[in-house]
Each structure stands twice: as C-alpha cells, then as structure tokens.
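Undergrad: Could you put together the complete structure from these sequences and hints?
Protein chains: 2
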Amino acid sequence: MTGETVTVEADVFADGHDAIAAAVLFRHERARQWTTVAMTPLVNDRWRAEFPVTDLGRYLYTVEGWVDHFGTWSRQLAKRVAAGQDVKVELEVGARMVEAASQRANGAARDVNRLGALATALRAGKSEIDDGALALMRRYAERDVTPYGRTLEVLVEPVKARYSTWYEMFPRSAGNFKDVQKLLPKIAEMGFDVLYLPPIHPIGTTHRKGANNRPATPGEPGSPWAIGSEEGGHKSIHRELGTLDDFKNLVRAAGEQKIDVALDIALQCSPDHPYTREHPEWFKHRPDGSIQYAENPPKKYEDIYPFDFETDHWRELWLELLSIFTYWAEQGVRVFRVDNPHTKPFAFWEWAIAELRRAHPEVLLLSEAFTRPKVMYRLAKLGFSQSYTYFAWRHTAFELYQYFTELGQSPVREFFRPNLWPNTPDILTEYLQTGGRPAFQARLILAATLGASYGIYGPPYEALEGRPREHGSEEYLDSEKYQLRDWQPDDGMRELITIVNRIRHENPALQSDRGLRFHFAENEQLLAYTKTTPDNSNVILTVVNVDPHHTQRGMITLPLEELGIEGDRSYQAHELISGARYLWNGPRNYVEVSPFSMPGQIFRFRRRVRSEHDFEYFV
Amino acid sequence: MTGETVTVEADVFADGHDAIAAAVLFRHERARQWTTVAMTPLVNDRWRAEFPVTDLGRYLYTVEGWVDHFGTWSRQLAKRVAAGQDVKVELEVGARMVEAASQRANGAARDVNRLGALATALRAGKSEIDDGALALMRRYAERDVTPYGRTLEVLVEPVKARYSTWYEMFPRSAGNFKDVQKLLPKIAEMGFDVLYLPPIHPIGTTHRKGANNRPATPGEPGSPWAIGSEEGGHKSIHRELGTLDDFKNLVRAAGEQKIDVALDIALQCSPDHPYTREHPEWFKHRPDGSIQYAENPPKKYEDIYPFDFETDHWRELWLELLSIFTYWAEQGVRVFRVDNPHTKPFAFWEWAIAELRRAHPEVLLLSEAFTRPKVMYRLAKLGFSQSYTYFAWRHTAFELYQYFTELGQSPVREFFRPNLWPNTPDILTEYLQTGGRPAFQARLILAATLGASYGIYGPPYEALEGRPREHGSEEYLDSEKYQLRDWQPDDGMRELITIVNRIRHENPALQSDRGLRFHFAENEQLLAYTKTTPDNSNVILTVVNVDPHHTQRGMITLPLEELGIEGDRSYQAHELISGARYLWNGPRNYVEVSPFSMPGQIFRFRRRVRSEHDFEYFV
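Chains as they are written, first to last, in our numbering: chain A, 31 to 649; chain B, 31 to 649.
Hints listed in this document are in silico derivations from the structure and should not be mistaken for laboratory results. Take these hints with a grain of salt, some might be off.
Any copy, or any two copies together, can satisfy a pair, since identical chains are not distinguished.
[To be verified] Under the rule of at most 27 Å between Cα atoms (straight-line distance), these lysine-lysine pairs were calculated in the DSS-like manner:
id: 1; residue 1: K109; residue 2: K314
id: 2; residue 1: K511; residue 2: K212
id: 3; residue 1: K216; residue 2: K156
id: 4; residue 1: K278; residue 2: K265
id: 5; residue 1: K109; residue 2: K404
Since we're looking at a predicted model, the values are computed, not measured.
TA: Below, the structure written as structure tokens:
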C-alpha cells in the first residue's frame, strides 16, 4: 500500500574474515534511477533494510554485497593498537588504500583534499579512524560488488486492496440505477466502501433461465451472467437499468460517499451476444457446427458460451477482452470482481492485468476462484488484488483456526489477500440455513474481524434469509439470480452491521490481516483471537460462540506480554458492541457468550495510565 | 549414493478443469539422452516421481507438465455416458483427435492401424476407452509441454560419504609409514574405515613452534601444518615418515582392510616452502617488502604464510593448488580432509572440487570449517561431501536435541552431511577435561549413534587423555601437534569403541542421518532418540546420560506406532553394548543409566513373531 514500507532480508556472507557491507537497490517501474539503502546485520549472517513506497504500481528491488576492505583494515588496526603492537607498517598499508581511493575521487576536489590529509595523518602515526574517515572511504572505496542477480518486484496497490468492506446487491431489484443511487446514504451509513453489482449488461433470451433455475417463461428477467443480446454485450448497459450517464452519475454519487462501485466481469456470452455473430472464430465449434456451450459433464449450461482462449485468433480476442476492463475503467470504475478467473488461462490474466494496471494503476481486482488452493494463490501472484476464500464453509472453531493459520503463513500472506463472504448469491450455507439470527450475527462478526476485507450479499443477509431452494442445496429459494425480490431488512441486523463496521473503522488493528493470533479457549465452541497493530497500540480481542443454539462459557488465556499488557495489573476490556466495560486480571479470564443476546464479543483493551491527577484512567 | 533413488516433488496445475500429466526428465552428466519418468499426483496439486542413480557424479533433472486433452475428453465422456446422455457428437470429437494423432504416428505402421481402428470404433458408437487406447494416445498426442525452466542437479557420491568411521593419528608418533602399516589390523578390528593423517609433508624451520606452542628449540619436530621446507612442499613427504613408495604401500595395505587413508590438505605455507621462493607473486606483500604472515589480530602466526587467492596470477596459483589434490588422488588417495576451507574463496572450491571430481568422481572431501552455519552450509553446497560440526560443544541433552533437530531439517539435510568429532588435536572440550572415563564413553556413544559419520582423534581418546595445556584452554597439554607422544590405550575404551562400531556395522538405521527422532525423557540429563530404516525393519533406541557424575533414571515415552511396534503387546528391547534383553510394554518404559558402569545404552527392538511352532520368538 502507498505509505507503507517494504522490508527486505537477505543472507549476506563471504569466505574469510573480512568485514562486509550490503545494500538494497530499489526503484519504481517508471523511475530510471535506483535508490540505495544500506542493509543492517541482524544475527547469523542475516541482513535487513527497509524502503518506503509512495506511488502505485510496481517497484523493482535487488540486493548487493561487497567486502569492505578499509573497514576490515580499520577493525584490525584497532585490535592491534589495543594489543600494544607496533602498527607503523599497518598505517602505511592504510595510507596506500586512502591514496588509491583518492584517485577515484579525482572529480571532487574537497574530498581529494580530505583523503590526502587522512593519508598524511596515517603516515604521521594517527591510529584512530573516525566515522567521517570511514564514510569518506566508503564513498570512494573500490567496491567489488556481488549482485544478488535477480530483480524482484513488489506491487503497490491502493489501501482499499488491504482494507475494504463490500456490499453486493442486484440493482434491478431496487429498480434502476437512479433507485440504487437513492440507497447510497443508507449503504454508506452502514459502513460499506464498495458497492458490488452483478453484471449490468443486456441479458440473452436463448435458453434463458427462469425462477429457481427452471426454463424461463415469457416476462422473466433471466440471469445477469447470461451476458449479451441483440442490444449489446459487455460494454452495454441493460436498458431497464438506465443509460451510461445514469451509471456514471451513480459512480460519481457513490464516490462522494467514499464508495467504489464494483463491476462484475464475467468473460462469457449468452448465445445472443453480438460476439457470437461477429466473431464466431472466438468460440469452440462442435462437429455439428454449433458453438460449444459451457458444461461440467454431465451438467450442461446451454445459455452460456465460453470463449476459446486458444483460438487461432487469440490475439484479437484477448485484446477485445482487455478492452472491456479498460472501457469501464474509463467510465470511472476502479474495482472489478472477476467471475471464475480460474477457467481462463493464467497467461491471459498475467498479461491483461499488467496492461490494465499500466493505464490504471488504481484498479483493484477481486478473484472469484473457488478452486484448489494453489490455483487461487497463483491467480493472486498474477495480479489479483484480493480473492474469495473457503471462509463460507469453515464453521467450527477448529476449522476456522486451521484455515486462517494457513492463510496467515509466509509466503501465502505476502501475496494473497482474502476477502471473506459469509454468503453470496450462489452460497447460502447450511449454517445460515439452520442457525437463524445468531448464525447471521456470528458469521458477520467473524468475517468482519478475521478479515481486513469482507463482504456480504446484503439485502438477503439483512433480511436473515435462510431458506434454500431444496434440502441439501446451497442455492437460495427464489434466488435473485433469476427473479426480482423485494427484501425486508431486519432492523437489529442493520444495526449490528453498522456497529461492526464502525468498530473496524475506528480500530486500525482490524484494517490489516497481519496481526492475527489465536488464543486458547477452554471450550471448543468458542473461537478467540486478537488482532493488533505492530506497536500494540491497538489490541482487539474477538470471542465468537460458533454454536448458534446454546450459551457457551469458558476461560480464555491471553499472552499478555506479547499484547503489550502488563501482567501484574488489572486492565480494562471494553466490549465494543454492547459498550460494556470489564476489569480483567492476568492472562486467564472468563467469558460467557449467549447466541440469544449476541454470539460474539469484540473487546478493545485499554491500558491503565498514570496521570498527573491522583486517579487512574484508561486509554 | 549409488543404488539410492532420488525423489522429486513438484506442484503441477493448470487453469481450467483439464486433465494434466507431468514427468521428470533426468540424465547423468555424461549421458546424452534424457530418461522420462511419469509423475503421480498426490494431493493438493502435488506430484511425485522417483528415479534411480547408478553412477557417481552429477545427475541433471527437470520437470515438465502438459494438458492431457484426450484424457480430459475420455474422463468427460465417461460422465456423459453415466448420465445417459447422447454422446454421438462427442464421439466424433474423439475420433478427430485420434485421427490427428495418427498423422503424428506416420512412421509407425502398426500404431497407425490401431489408431485408425480406434477412430472407426468411436464413430461406430464405442464409448468405453480402455487403457491401451489411452496409452496409445498418450504416445502420439499433441503435447504442448510447459517446462519447469530450470535444470536441477544432484551429486551422487560414494556410500562412504554418508556412512564412515574415522580414526585420526599422527604417524610420526608411531614412527614412520611402515610402523603405521603395522597398526592397521588393530584399527580395522576397532571398526574404522578411514585413517586420517595430519599433513605428511616437510615442515618449515623458520619460526618453528615447539612443545606447548612455545618457540621451538633445536631438535623439536615442529607442527605438521607449517608445510614446506628446502626439501619440498605439498607434493613431498617428510623424510622421516618414509618414501612415496612407503606411503603407497600403506594406502594399498589399508585398502585391503577396507580402510581409506585420508590426507589433510592445508593450503598454506611455512616461510621455507619452495613456493615462497619460486612464486612470491602468490603471496601478499607488506609495504616493507616482507610476505604477509597469517594473523587474526592481535594474534600473529609468523610460521604460516597464507596464499593470496586474489593475486593477479590467480590462474596459475589455482591450477597449482588443484594439482595438489590431483597428485595425491593419482597416488591412490580418495579421501581428503581440508583444513579451514572457509578462509579460501568459495569460487575456488566450487571450481577446484568440480575439476577434481571430473577426473576422480570417487573422491570424498571433509570440510574443516568451524565457522558460521551459513558459511558451513555454503561449502557443502559447493561440493564438500562432509563437514565438521559444533557437536563437540553441545553437551546438555537440550543442546544436542536442538542442534540435531536443526541439522535434520530440510533443506539443510539435503546437502549437509555432518561428521561428528568428540575431540580433535585442537579440541579437548571442558566436558572431556572434567568428566573422566564416563565423559569419553558418553561422547563416543553420542557421536557414533547421532551421526552416520563420526571420528575420533584416536590415541589420546583411547588413553582417556583429558589434561589441558592450562585452565580455560581447549588445547591438549603437551599437544601432539608440536611433539611426539607415546600413548597408552585403555583396554576398556578400546573394547567399547570396537563394540559400538560393530553395532553401527550391523544396524543399517545407524548408517544414515535420515531416520533420527528424539523422544521425551522424564529427566533432563537423559537424551533419548531412535534411528530407523525407512521400512522400520531396523529400530535403534539410544539413551545417554549426559551427566558423567551421577546415575540418572526416568521414564522414556516412545511413539510405538511410528516405530512399527504393536502397542498392545510386549516387545523385546535388546541392549547391544551389554547384551542384556528386556521385555518392554507400551510406550512408557523405565531406564536407569549409571555413568559408573556405562553412560549410554543402545537398544535394538525385536518384534514378536508368530512361528509355525507353539512358542513365540523375536526377530
């Protein structure tokens, strides 16, 4: 993120006993000059340096090391002097090194003079080498550098790539873009900063799907993911949602509330998409001449045609697909949710994202790849800013502990940013189906505190909608994918969302995935974890009862010292949802979490501070 | 080692849902053809293959993956058939893939016929694809391979690089090479397979060191590491040790006892070495014109001149130094102990060892680099077969557990082979100085069972010599480095060495560093660990009391299942030093180890076997 620093560590060592030095060289991809930062030795031949990143885009960096001959000489000289040895010959050795350096400083008259004076002083018996002399010699010393040999890259993205709060809704259920615009104050008040809309394009009619995934009957609106009709494709807007100007007005109005409108880019076509007529060569054809529809045998999706990314005309296809992103970026869209990126070639994403970022370094891309971990990680490496996760299917305390421990480990955490969704239009988990209000509350608190980025498919979440299409299915009954819905939000749920997002906003520990630690709870239905800022100035403990049916209680053990809390004094645990304040003592404390009042608690620890007055207070 | 297999694992995955395949390609550095081994998927996109190594030297290997289009098609076909779908069009798709493959098989008439028959059968409605058809299609399928892009190397060394037992002695104390030859039967009987001799070259007289590191008085023999005199240098033999023929006789006689004679290569010169006169350009010169002697300020070693590896004449110098190794290899020497390799350039070793192995792939090199871990590891990567370690200074059970856990971890264990020495001519540890006979016994048992390779500086070890030059020093009193010694071996110590080496010889678990596991002992003075063969056919438990002054007792907990022992039956623990047999039950068993009888116990577990007779016996 801009404003952050990049920490670089390297093993730097040489044969022999010479003093060595090392540096990190870095530059922004658009800068021509490298900047050098000296590295500092830690222990066991490990060296470290940091450099600041101030601009969006790629930074290049590498490491180099060299033997510090003058440093070696001066270190040995000091030992000889301390041992009372005659150092006359040694001083002559040093004087010659200084003279050689002076040759290399021939442009800088002042430094040449200083080096000349140093050589003279050494020959006259001066055996204390001060820091000024060392610095001067470092500048002109012969530097026979050993380069690391590889240039590494770090991508700097907007802060929202790290910390974001998403709200998904089908604009057509609200009416059109103008109606959505009227909802913005409410969405902003709840604390969301990304408004994500499923595809807004014309919808095909061939094989159109109707309510509950049955063939459509006349008048049914169809799935927004069946993109394209006679009226247009990926760069067009569904007539009933409004005009391009309406859309741009919505984007602008959202921006005023600090909300980004996120578009859903699904690189696939309905059979009626203009591409299918204008560019049949971009699709696979079956021996009978028809275009190959999407399938996951034995399932068939005859309303969807996938692109053939390996067509002989792939160059034209890829350029056109890139132009979809570019087109919307030019209309002011900075956030894209990409549908099923893992079914398109890695090489396409690597190229397309780099090209898009070259023109629009501010874009943020969320990968919707619910697939194997290594494929998800690969997409992150190729340039996706964030990714959906398995969070929705991790329900027990132990599953959640395991999964977030895996995501928090290096190297995954260096490039993979999870975005946690308790529900989506495709995912209504059994837990939400059966757990009632406490399940919705618990999953919201978990998503919002385990992840610096999270999102909800909002209207049904607020409405506590838990009815599946059929037993054993994760599809919603009367899914909004195929029909309009009129949602009735639950006031209590809206209030909780508002409070939890405010807590995120006020506590920087919750705005990063770095400082997550799990803690031992003496009850396997309780999940306890802290998030902290690096300096421990903000320490947030969350305790969630994952059992939506019973009150659970137990002792929680905290590593007070690691959290920067003095172990021998009481400290205040301020529960931020209810506002209650508790005085805790020592590492073991009792918690009781009832799903009937609130299945999760979010504590901020306040440290006791000495004041100039006689009483104590907490900050 | 020859006869072993190399296991290769890789993450192999592709975008989309296609079936994929992967292979390892390998060849010996002298072979021209690559051999292909199919990889097998494990879980989570991890694939594995193994290949055998049969020749000494480097093997090259790499990985490649590709999409298996026909495999994907046949997998999907099976699903369609199972779902009762009409697959006429699909079979046509398959027939066309077969015809395309047939084009690529145009040389092989029989396969062309088989492919033609397959295409016909598909068009006729055959929807079961058998393994023969899949194999045929794999042979001729279009294989759009994604190569890993890097070729990796694995060095195959003689078995002795993994499992060796070293005995160090100063030949001059025995008399000459002929006298050493007479000692061979005794050394072989004790179970050693490497006889390591400190430098055997002429010794300089300038600044010669005498007894206890004082300036020599006339008649004192000098340190063997002050190499070179008027009589010759690194390719000459000290006159009093014998002739080159005497030496070759010793090497030959040792070979008959399966003992390798190891030479000590110390790349440094006495001031009297012929190189100093013939090649003064190979040394650093001080401003007063003298050659720079070795030093570690404020310590000076005026009897030693280091080479200047960075001299302008480095090519000639490096070639000459390589020729020292080559010369002795041509006299039949296969094992070299290299003195202080870390004070010479990494680049020199990388080049010199590769050149030496090109002509003599059978050589084994032991690195004597007591320096920082990363430098030791680097030397191993550059080609050293084995390395000295910090073992001598790890005394408590916890220190030993920690150190060997570190060495046993990947990647270190993949390239770094420790050789454990409880003593050397430079190292008489405080533990041996103060612990008496139990200390010598305990350290021998530890070295011989923790390490597949270990060695002792034999004569003083057998004599239980523990007197330091002065309090706080690790130097021997009257060190053999500077004077002749007449050692009186202790019969009990000799017997223990003989028994322990026989145990190593009879138990393959002790001949590798791979199967080491530490176990919980309820007494911090007891160190308990097992070594096992991969198939658990050989399971050795060693328990050492590291306290040389008191009897220690406690319960040891073993993970029986991991060791292949049935937990619900008693099993036999056969103590191999004493020959005692115990019947143990379950994972927790009592041990008592007295330093006054023997401070270590080595158990081999015997499993109970059902026989055709009525009684049970153990194997």
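Undergrad: The structure should be examined with respect to each hint, and the outcome stated for every one.
TA: Now for the hints, and whether the structure bears them out:
Only between protomers do K109 and K314 lie at most 27 Å apart by alpha-carbon distance; the minimum there is 20 Å, versus 77 Å within a single protomer. With identical chains, the CA atoms of K511 and K212 are at most 27 Å apart within one copy only, with a shortest distance of 22 Å there and 93 Å across copies. In the homo-oligomer, the alpha carbons of K216 and K156 never lie at most 27 Å apart, since the shortest distance is 76 Å inside one protomer and 62 Å across protomers. Taking CA atoms no more than 27 Å apart as the test, K278 paired with K265 passes inside one copy only; the shortest distance there is 13 Å, against 86 Å between copies.
Within a single copy, K109 and K404 get their C-alpha atoms only as close as 54 Å, which misses the 27 Å cut-off; across copies the closest is 26 Å, which meets it.
The earlier numbered hint that this structure contradicts is number 3, and it is the only one.
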